[in-house]
Amino acid sequence: MSLIAITEVRKRFGTNEVLKGINLDVAAGEVIAIIGKSGSGKSTLLRCINGLETIDEGSIVVAGAQLAADEVHLRALRLKVGMIFQGFNLFPHLTAGRNVMLSPMVVKKVSAKEAEEEARVRLAQVGLDHKFDAYPDQLSGGQQQRVAIARALAMRPLALLCDEITSALDPELVNEVLQVVGKLAAEGMTLLMVTHEMRFAREVCDRVVFMHQGRVHEIGPPGDVFESPKTLELRQFFGMA
Amino acid sequence: MTTFTTWDIVRNLLLATQWTILLSLVAFVGGGVAALLALLARTSQNRAARRLAVFYIELFQGTPLLMQLFLFFFGLSLVGVNVPPWLAAALALILWTGAFLAEIWRGCVEAIPRGQWEASSSLAMSYFEQMRHVVLPQALRIAVPPTVGFSVQVVKATALTSIIGFVELSKASTMITNATFQPFVVYGFAALIYFALCWPLSKSSQLLERKLNVAHRNH
Numbered sequence: 001m002s003l004i005a006i007t008e009v010r011k012r013f014g015t016n017e018v019l020k021g022i023n024l025d026v027a028a029g030e031v032i033a034i035i036g037k038s039g040s041g042k043s044t045l046l047r048c049i050n051g052l053e054t055i056d057e058g059s060i061v062v063a064g065a066q067l068a069a070d071e072v073h074l075r076a077l078r079l080k081v082g083m084i085f086q087g088f089n090l091f092p093h094l095t096a097g098r099n100v101m102l103s104p105m106v107v108k109k110v111s112a113k114e115a116e117e118e119a120r121v122r123l124a125q126v127g128l129d130h131k132f133d134a135y136p137d138q139l140s141g142g143q144q145q146r147v148a149i150a151r152a153l154a155m156r157p158l159a160l161l162c163d164e165i166t167s168a169l170d171p172e173l174v175n176e177v178l179q180v181v182g183k184l185a186a187e188g189m190t191l192l193m194v195t196h197e198m199r200f201a202r203e204v205c206d207r208v209v210f211m212h213q214g215r216v217h218e219i220g221p222p223g224d225v226f227e228s229p230k231t232l233e234l235r236q237f238f239g240m241a
Numbered sequence: 001m002t003t004f005t006t007w008d009i010v011r012n013l014l015l016a017t018q019w020t021i022l023l024s025l026v027a028f029v030g031g032g033v034a035a036l037l038a039l040l041a042r043t044s045q046n047r048a049a050r051r052l053a054v055f056y057i058e059l060f061q062g063t064p065l066l067m068q069l070f071l072f073f074f075g076l077s078l079v080g081v082n083v084p085p086w087l088a089a090a091l092a093l094i095l096w097t098g099a100f101l102a103e104i105w106r107g108c109v110e111a112i113p114r115g116q117w118e119a120s121s122s123l124a125m126s127y128f129e130q131m132r133h134v135v136l137p138q139a140l141r142i143a144v145p146p147t148v149g150f151s152v153q154v155v156k157a158t159a160l161t162s163i164i165g166f167v168e169l170s171k172a173s174t175m176i177t178n179a180t181f182q183p184f185v186v187y188g189f190a191a192l193i194y195f196a197l198c199w200p201l202s203k204s205s206q207l208l209e210r211k212l213n214v215a216h217r218n219h
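Note that the protein sequences, when read in sequence, are chains B and R.
Each residue of the first sequence is one higher than the last, beginning at 1 in the numbering used here.
Each residue of the second sequence is one higher than the last, beginning at 1 in the numbering used here.
Mixed in with the good hints, there may be bad ones.
[Claimed, not checked] Derived list of chain R stretches under chain B, where covered just means 3 residues or more per stretch with a C-beta under 8 Å from a C-beta of chain B:
no.	region
1	115-124
2	134-141
[Unchecked claim] Calculated Cβ distances over 10 Å to all of chain B for the following chain R residues:
no.	residue
3	PHE4
4	ALA16
5	TRP19
6	VAL109
7	TYR127
8	VAL144
9	LEU197
Honestly, the hints are just simulated from the structure, not real lab data.
Idealized CB from N, CA, C, for every residue including glycine.
Build the full structure now, drawing on both the sequences and the hints.
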């Protein structure tokens with residue numbers, strides 16, 4: 001059974017339909033890259049999965065939690081999927097450690113002591129246990145993004161949504177973040193990532209989804225998608241046509 | 001004819017200044033509470049609450065404080081409630097201050113980037129948890145300088161309550177002038193006292209702004 005089931009999802013911004021009936025099933029432990037031109041709806045799809053955007057038609061179910069507009073459903077859904085953003089979005093008034101501790105304490109009512117232990121483990125996991133007391137503005141972009149990953153992991157999600165998480169980074173900082181994500185993938189975390197890192201997608205992902213004009217245009221293992229794209233649009237996207 | 005020394009004038013002005021300070025504090029603290037309630041209503045999901053907050057804020061921002069004082073003082077006695085000047089003054093100033101602070105603070109809440117809301121939403125926090133732990137702590141930092149700055153307006157606004165007979169610094173100045181026939185001396189000292197109250201406030205607002213270094217907190 002799939003961990004994430006996306007069925008006939010449609011999404012409109014005013015009269016502009018940005019998702020035109022998306023179907024996608026993601027198995028537990030699968031790593032999926034979503035690629036496509038800007039405006040193809042890939043970020044919107046990701047944001048729909050944890051309810052940052054509402055959907056107009058269709059359904060999204062994550063491990064039995066159904067996407068719905070009310071707070072109870074959203075909370076249940078968001079306990080199962082974490083999200084990491086292009087702009088990191090760390091809480092600037094809290095230290096790295098506190099960023100990681102906050103949600104377990106507030107949402108899951110974990111004690112401060114337990115939350116701190118968890119935060120140290122999670123920061124160590126992304127190689128930043130020595131930055132526990134640093135504020136976000138004392139960290140590099142790559143370090144901030146790794147703290148954001150640790151923060152999402154501390155909620156023990158079943159899946160992680162990564163929305164262009166290396167796009168705001170200087171080139172030399174991209175790898176340290178991708179290494180962390182690669183390690184997560186190897187450990188069996190379910191990952192859905194919108195990305196422009198084609199090499200990473202090819203090496204790490206189980207499947208690649210090419211989105212075009214609000215539809216899943218092509219989908220398959222990276223070998224197939226990268227080596228022998230079937231559609232003209234994908235070939236154009238790769239600059240092959 | 002009695003003669004008044006300068007010390008007589010200053011002493012009596014300082015006595016009245018206590019009431020100016022007390023009224024300012026009451027208006028500021030009470031107004032802060034009113035503003036917080038209005039702010040929560042104004043940013044809530046409930047449409048009726050939002051409308052009520054907007055109505056309150058626009059009503060009190062869109063009419064002169066003097067009219068508000070008159071309405072509280074004379075209006076309430078028309079319907080049979082006898083309101084002493086101090087009560088009318090306090091009520092009007094609290095509501096007036098609240099209406100302005102609510103909008104100042106709303107601006108501070110809205111200055112928090114959308115990404116902060118999205119990140120905390122993604123971590124499964126509810127609206128109140130987001131406000132309490134993520135948005136308000138950051139908004140507060142931005143809000144301190146303009147809030148302290150606005151307190152200067154509150155201090156000066158208390159002068160208007162002299163019109164409905166509340167004896168604070170301005171009313172006392174008029175009374176002392178009527179007795180001494182030395183308007184320039186009396187009002188001159190009154191102005192100095194107001195300045196002595198307001199200047200440290202506006203100065204500290206500037207210092208706080210620099211200290212909290214709101215716009216560029218990055219080192």
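Now the hints, each set against the structure:
no. : hint    : verdict
1   : 115-124 : holds (count 9)
2   : 134-141 : holds (count 4)
3   : PHE4    : holds (56 Å)
4   : ALA16   : holds (43 Å)
5   : TRP19   : holds (39 Å)
6   : VAL109  : holds (14 Å)
7   : TYR127  : violated (8 Å)
8   : VAL144  : holds (13 Å)
9   : LEU197  : holds (32 Å)
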